[in-house]
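From just these sequences and the hints, can you work out the full model?
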Amino acid sequence: MVSEEVSKLVDSLIQKYDGHLISVLENIQLFCNYLPSDYLREVSKQLELPLRDVYGAATFYKTFYLNPRGKHICTVCLGTACHVRGGNFIIEEFERQLHIKRGKTTEDNNFTLETVNCMGACAVGPIVIVDGTYYSYFKTLEARKIIRTILKESEKVDITKDKRIFPVKVNCPKCYHSLMDNEYLIDGHPSVKVTISFLDKHGWYRLSCLYGVYNVESEYERPHGVVANYFCPHCHAEMLGTFLCPLCTTQMVSLVLTGGGSVHVCPMRGCKGHLLDV
Amino acid sequence: MPNIKIDGINIEAPKNWTVLDAAKFLGLEIPSLCYDPGLTAGGNCRLCIVEIRESGRSKIVSSCTYPVQEGLEVFTASKRVVNARKIIIELLVAQCPTSKTLQDLAAKMGVKKVRFMPKWDKCIYCGLCVRMCEEQMTGKAIGFTNRGYNLKITTPFDVTSEDCRRCGGCIYICPVCMARCEGTQPSEVLCGRCENSLQPTCLDIFDNYTCWMGLKGDCGTCITEKDGNNNDLREVKKNN
Ligand code: SF4
Ligand code: SF4
Ligand code: FES
Ligand code: FES
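Going down the list, the sequences are from chains H and X. Each step along the first sequence adds one to the number in this note's numbering, with nothing skipped, and position 199 is 199. Numbers given in this note's numbering equal positions in the second sequence, counted from 1, plus 278.
Worth double-checking, as some hints may not be accurate.
Unchecked claim - Taking lysine-lysine and the BS3-like style, the derived pairs with C-alpha atoms no more than 30 Å apart in a straight line are:
| hint | chain 1 | residue 1 | chain 2 | residue 2 |
| --- | --- | --- | --- | --- |
| 1 | H | K201 | H | K152 |
| 2 | X | K430 | X | K400 |
| 3 | H | K152 | H | K104 |
| 4 | H | K45 | H | K62 |
| 5 | H | K8 | X | K418 |
| 6 | X | K430 | H | K101 |
| 7 | H | K104 | X | K283 |
| 8 | X | K293 | H | K101 |
| 9 | X | K378 | X | K391 |
| 10 | X | K400 | H | K62 |
| 11 | X | K283 | X | K293 |
| 12 | X | K430 | H | K45 |
| 13 | X | K400 | X | K364 |
| 14 | H | K272 | H | K193 |
| 15 | X | K302 | X | K357 |
| 16 | X | K400 | H | K101 |
| 17 | X | K378 | X | K302 |
| 18 | X | K397 | H | K62 |
| 19 | H | K201 | H | K169 |
| 20 | X | K391 | H | K62 |
| 21 | H | K16 | X | K418 |
| 22 | X | K418 | H | K45 |
| 23 | H | K104 | X | K430 |
| 24 | H | K62 | X | K430 |
I should point out that these hints are in silico values taken from the structure, not numbers from a laboratory.
Take a look at the structure:
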């Protein structure tokens, strides 16, 4: 049977997006990283849409995934321009290195290999995107190097075997200054330093840079359930994003990832809502 | 009520009619594969195309989805339409050579050759089964998934659907599942033997069909079998 958590999340999303199927699916995917079947069934039940329509929409759009995706996404462009510049050799090299076929995910859920038909950057092709970083004039041999680097990085993170814990580097979305504090370590990694204000308090706040870990340190103790405003310590701009927290529907704080993409964290103390958008 | 002209015949058609309805009313034959009187029109197979001429221009539309409008001038069997239909049925046969319905239609339209690579698929994506399931069986168990080249008709997650009532309506209406043509092989995509050998004999003797039942030989009782060159098989046997 569907767990309560699933039906609660689906219900809150439907409320928020006025029952618009695509928005609901998009947000479920942001939260789960793919569209699990029990969520789709729940959406169909709550929206009173036949399951075949929900499933049809989920399979129609390429942005929706019905299978879990890896932590690291390698996208190889196979558009016309990149193809004539050797895109197919590049994808074959990736397939060899990762031992998976295109469109598949490695068994340890580490890598997903995808293809795309033109990124609009044909002039500097062939294009490969790994975890949001664009590589132009890609050479087949680089594939191995990139995969090695990623594997080495993720070896460093041995917090637990949790499949979704890895370090991120974030910047202020307004001034792009790095928010990483290399002197102050949390979990053995540089912490993310921001300024927060809540009630009548104003002070620093440090978060663990490990995605999926909720360890924080704070100048003032903040009680659970209190929402704070997050500011950049460099430009003092408030770092408010557009997403609403999938758990408590508070407006989330957006931080820009070095290399592209953004993370969204819930500013309510105690809420574990966070999203990764690469 | 809009006044329209189909193949030179004037007709006052009720507002909610489509061009296909009006043509059917007049007894004009338009091949309509994915149209069923009990279901909404899908406009998927494109076999029911007709030509519409207005102010010197002509366009091809699917008659099962085109509503009648005042002053419409419709041609159901102009050269352009017939040629376009032939290409469409050729494409459909190439998609599913094993469908008797398609082979019959192709034979009726006089298609001699299929110039496209046969796909030997099991579906032409006419959507009849989806509409049947939804509208007549209130099942909503099957639907279109994926898109483009990967389009497929299936139940959600490709597993047995809880919404399916096992009524078999989808199979009943499917032009591919229901009547199989066994006469096609990889070497010969076109069959049409059933349709081609049904030639009423009376035309050999009289100038008109003289069928008592008005069936133009559809029942097959007075039919002789013809060989490939349209010679009467009995005559051929007698002569040998
Ligand atoms: S058998 Fe199932 S899928 Fe087919 S029409 Fe009936 S309810 Fe629909
Ligand atoms: S399964 Fe049959 S009825 Fe359904 S879309 Fe395909 S050809 Fe048409
Ligand atoms: S073809 Fe690869 S970017 Fe256009
Ligand atoms: S019957 Fe009109 S498109 Fe198929």
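Okay, the hints, checked on the actual structure:
1. Restraint check for H/K201 and H/K152: the C-alpha separation of about 41 Å exceeds 30 Å, so the hint is violated.
2. Among the hinted pairs, X/K430 with X/K400 is consistent with the structure: their alpha-carbon atoms are about 10 Å apart, no more than 30 Å.
3. A hinted pair counts as satisfied when its Cα atoms are at most 30 Å apart, and H/K152 with H/K104 qualifies at roughly 22 Å.
4. Pair hint H/K45 plus H/K62 holds up; C-alpha atoms about 23 Å apart against a cutoff of 30 Å.
5. Between H/K8 and X/K418, the direct Cα distance comes to roughly 26 Å. Compliance with the 30 Å bound is thereby established for this hinted pair.
6. Annotation: proposed proximity of X/K430 to H/K101 holds, straight-line Cα distance about 22 Å (limit 30 Å).
7. Restraint check for H/K104 and X/K283: not satisfied, since their Cα atoms lie roughly 57 Å apart, outside the 30 Å limit.
8. Of the pairs offered as hints, the one joining X/K293 and H/K101 is violated, with about 56 Å between alpha carbons and a cut-off of 30 Å exceeded.
9. Taken as a hint, the X/K378 and X/K391 pair is honoured in the structure, with Cα atoms around 16 Å apart against an allowance of 30 Å.
10. Between X/K400 and H/K62 the alpha-carbon distance is near 25 Å, which keeps this suggested pair within the 30 Å criterion.
11. Our distance criterion of 30 Å between C-alpha atoms is met by X/K283 and X/K293, whose separation comes to about 14 Å.
12. About 23 Å separates the Cα atoms of X/K430 and H/K45, which keeps this hinted pair within 30 Å; it holds.
13. Note on X/K400 and X/K364: the hinted pairing holds, with a Cα-Cα distance of about 21 Å set against a maximum of 30 Å.
14. Only pairs whose Cα atoms come within 30 Å are accepted, and H/K272 paired with H/K193 is accepted, the gap being roughly 18 Å.
15. For the suggested pair X/K302 and X/K357, the alpha carbons sit about 20 Å apart, so the restraint of at most 30 Å is met.
16. Restraint check for X/K400 and H/K101: satisfied, since their Cα atoms lie roughly 27 Å apart, inside the 30 Å limit.
17. Pair hint X/K378 plus X/K302 holds up; C-alpha atoms about 23 Å apart against a cutoff of 30 Å.
18. For a cut-off of 30 Å, the pair hint linking X/K397 to H/K62 stands: about 25 Å separates their Cα positions.
19. Only pairs whose Cα atoms come within 30 Å are accepted, and H/K201 paired with H/K169 is accepted, the gap being roughly 27 Å.
20. With a C-alpha separation of about 37 Å, the suggested pairing of X/K391 with H/K62 is violated against the 30 Å cut-off.
21. Taking the CA atoms of H/K16 and X/K418, the gap is near 27 Å; set against the 30 Å cutoff, the hint holds.
22. As the CA atoms of X/K418 and H/K45 are separated by approximately 13 Å, the hinted pair is consistent with the 30 Å bound.
23. In summary, the hint linking H/K104 to X/K430 is supported, as the alpha carbons are separated by about 20 Å, within the 30 Å threshold.
24. Among the hinted pairs, H/K62 with X/K430 is consistent with the structure: their alpha-carbon atoms are about 15 Å apart, no more than 30 Å.
Checked against the numbered hints above, the structure violates hints 1, 7, 8 and 20; every other hint is satisfied.
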